[in-house]
Amino acid sequence: MNKNLIIYNTLTRKKESFKPQNPPLVGLYVCGPTVYSDVHLGNCRTFISFDLIYRYLLHLGYQVRYVRNITDAGHLEGDRDEGDDKFAKKAKLEKLEPMEIVQKYTIGFHDIMRLFNTLPPSIEPTATGHISEQIEMIKQIMNHGFAYEINGSVYFDVEKYSKTSHYTILTNRQLDDLLVNTRELSGQDEKKGRLDFALWIKAKPEHIMRWPSPWSIGFPGWHIECSAMSHKYLGDHFDIHGGGMDLAATHHTNEIAQSEACNHKQPAKYWMHTNMLTVNGARMSKSAGNGFLPMELFNGNHPLLKRGYSPMTVRFFMLQAHYRSTLDFSNDALDASDKGYKRLMNAVALLNKLKSSNQSDFDIQSIQERCYAAMNDDFNSPILISELFEIVRIINSIYDGKVQATEEDLKIIRKLIQHFVFDVLGLKEEEHQADDMGKIVDWIVQLRTEAKANRDFVTSDKIRIGLQALGIQLKDNKEETTWSKIN
RNA sequence: GGUCGGGUGGCCGAGUGGCUAGGCAGAGGUCUGCAAAACCUUUUACAGCGGUUCGAAUCCGCUCCUGACCUCCA
19 MNKNLIIYNT
29 LTRKKESFKP
39 QNPPLVGLYV
49 CGPTVYSDVH
59 LGNCRTFISF
69 DLIYRYLLHL
79 GYQVRYVRNI
89 TDAGHLEGDR
99 DEGDDKFAKK
109 AKLEKLEPME
119 IVQKYTIGFH
129 DIMRLFNTLP
139 PSIEPTATGH
149 ISEQIEMIKQ
159 IMNHGFAYEI
169 NGSVYFDVEK
179 YSKTSHYTIL
189 TNRQLDDLLV
199 NTRELSGQDE
209 KKGRLDFALW
219 IKAKPEHIMR
229 WPSPWSIGFP
239 GWHIECSAMS
249 HKYLGDHFDI
259 HGGGMDLAAT
269 HHTNEIAQSE
279 ACNHKQPAKY
289 WMHTNMLTVN
299 GARMSKSAGN
309 GFLPMELFNG
319 NHPLLKRGYS
329 PMTVRFFMLQ
339 AHYRSTLDFS
349 NDALDASDKG
359 YKRLMNAVAL
369 LNKLKSSNQS
379 DFDIQSIQER
389 CYAAMNDDFN
399 SPILISELFE
409 IVRIINSIYD
419 GKVQATEEDL
429 KIIRKLIQHF
439 VFDVLGLKEE
449 EHQADDMGKI
459 VDWIVQLRTE
469 AKANRDFVTS
479 DKIRIGLQAL
489 GIQLKDNKEE
499 TTWSKIN
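Read in order, the letters of the first sequence correspond to residues 19 to 505 in this note's numbering.
Fair warning: there could be bad hints in the mix.
Unchecked claim - As a list, the in silico DSBU-like pairs of lysine-lysine whose alpha-carbon atoms are at most 30 Å apart:
| no. | residue 1 | residue 2 |
| --- | --- | --- |
| 1 | Lys357 | Lys304 |
| 2 | Lys357 | Lys283 |
| 3 | Lys107 | Lys122 |
| 4 | Lys429 | Lys373 |
| 5 | Lys21 | Lys373 |
| 6 | Lys304 | Lys373 |
| 7 | Lys433 | Lys360 |
| 8 | Lys283 | Lys304 |
| 9 | Lys283 | Lys178 |
| 10 | Lys480 | Lys371 |
| 11 | Lys37 | Lys283 |
| 12 | Lys360 | Lys470 |
| 13 | Lys107 | Lys304 |
| 14 | Lys222 | Lys360 |
| 15 | Lys37 | Lys433 |
The set of hints was computed from the structure by calculation and includes no laboratory data.
Please model the entire structure based on the sequences and the hints provided.
Structure (structure tokens):
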């Protein structure tokens, strides 16, 4: 098995050969969602990208421990120490307990992930389930002199840390510029330095989500949870840490600082960042009002959508772009992906009907090599997909009897489809023929075949056109009639 | 203002010095009772200007446009 995997590492801004520390084990940590509202499509892109990465690592034979957290506490509105907890705020709005909010949106998140056919992570820890680990870590950081307590809250001392470590290693910014250009925020008076960030925040009396600590009854800062949980499940120094690009400058920068201040080690060897989903060139976000909820996309119920698209179409659409590129969302782009995806799956459905010959008119070995080369080059799924369409052409040509294939090559084709279409890209057939409706359609198609055999084309056309109006498309071949659903 | 990206044919989107990306759309053809599908062939391209080079979409410089981050955000 070819394992010359190359990964782009944000730490070094270079593509590097992937060398896990303890092969075949791989530790992978990805920053998960904050479950105070529905995930939107942009969030989904990140998790689908890391699903591809996870799946390919598994395919290469690595034993991956994939940790993806659920943030269910700690976020403040506007990062002000006085701000409301997002969960408490949402709870007030929906007249629910904060933990009801957490439960509701965690379930919603899992439902969406399942629809997108992403594999569940090995461990999905929650921030509220790891308060004591976070407190322990804050203690360590204080012991090492990189944090200080004021009025029951604890802050990380960025200026002190940056004297011995490279605070802005992920973004390459100059600390002086940051000091000058960081916006003045209210509620920062008690911090020593304006770049300092909260590790522990003393709760105001009305604050519902609160825990005891050596400093005050309060709640943890946002960044510390990921550091504490990644450390607990993956150790001081694990292989890959990932997340959306928008997290690099703040969240990940602070994670690195906390982990180094605590453990004297850079927490991860490779940092991977996925790019944003855009709409009309601008980043999709809730505040901009251009965000789609996955369900809106599936059922087409949104002013910017002319129709709905299935989860697999959306997944395929996302995989047709590289994870480090922005991807622009549009109806036309989705339409194109929808047709491309159907074309791919139609060819896959023909696999078991192919007849072998004594020779092959194509070189499947070199296509196989190119598939691996594409994925080994920093998970280049668009190139992989272009190779798969090469295979689609071959499958269709064999089916049409225009190209010959040996039984051995057919086996390789079936294996490649299984490995890359299903295992790595994580696509699945949106089944239709197994259910009752499918049996009924099969029977109607059979009636039409009989009508055709009797040259009763009036009846056969009536059936074909009628089914089409109901969203079922027939395809006549020399030997049989197949059908598929259309949108 | 700072940091880091981008500008590729009608649309989406790969590609980083010479060799077809791919999908969708368009055109012609084959097949077919018709339709669809499929297959074959095929048109349209690298923001602008200058430079390096035998050769640049790809490297360098300048200009224009644009995005992300710097504030919670995948």
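*Pairwise hint evaluation, Lys373 against Lys21, where the allowed Cα distance is 30 Å at most*: Given pair Lys21, Lys373 is violated - Cα atoms ~33 Å apart, limit 30 Å.
*Sort out whether Lys122 lies within 30 Å of Lys107, counting only the CA atoms.*
holds, 15 Å
*Measure nothing beyond the straight line between the CA atoms of Lys357 and Lys283; if it is 30 Å or shorter, mark the hint as holding.*
This hinted pair is violated, its Cα atoms lying about 48 Å apart.
*Mind checking the alpha carbons of Lys304 and Lys373 for me, to see if they're no more than 30 Å apart?*
violated, 52 Å
*asked:* Next pair to validate is Lys222 with Lys360; report whether the Cα-Cα distance is within 30 Å.
replied: Status violated; Cα separation ~55 Å.
*Quick one, are Lys283 and Lys304 close enough, alpha carbons at most 30 Å?*
violated, 36 Å
_Pairwise hint evaluation, Lys304 against Lys107, where the allowed Cα distance is 30 Å at most_ = This hinted pair holds, its Cα atoms lying about 16 Å apart.
*Hinted pair Lys360 and Lys470, Cα distance within 30 Å*: With Cα atoms ~27 Å apart, Lys360 and Lys470 stay inside 30 Å; holds.
*Mind checking the alpha carbons of Lys480 and Lys371 for me, to see if they're no more than 30 Å apart?*
The given pair, whose Cα atoms are some 28 Å apart, holds under the 30 Å limit.
*Pair hint Lys37 and Lys283, alpha-carbon separation not exceeding 30 Å*: holds, 18 Å
*Do the alpha carbons of Lys37 and Lys433 lie within 30 Å of each other, as the hint requires?*
Satisfied, since the Cα-Cα distance of roughly 27 Å is no more than 30 Å.
*asked:* Does Lys304 sit within 30 Å of Lys357, going by the straight-line distance between their CA atoms?
replied: Holds, at roughly 29 Å.
The earlier numbered hints that this structure contradicts are 2, 5, 6, 8, 14.
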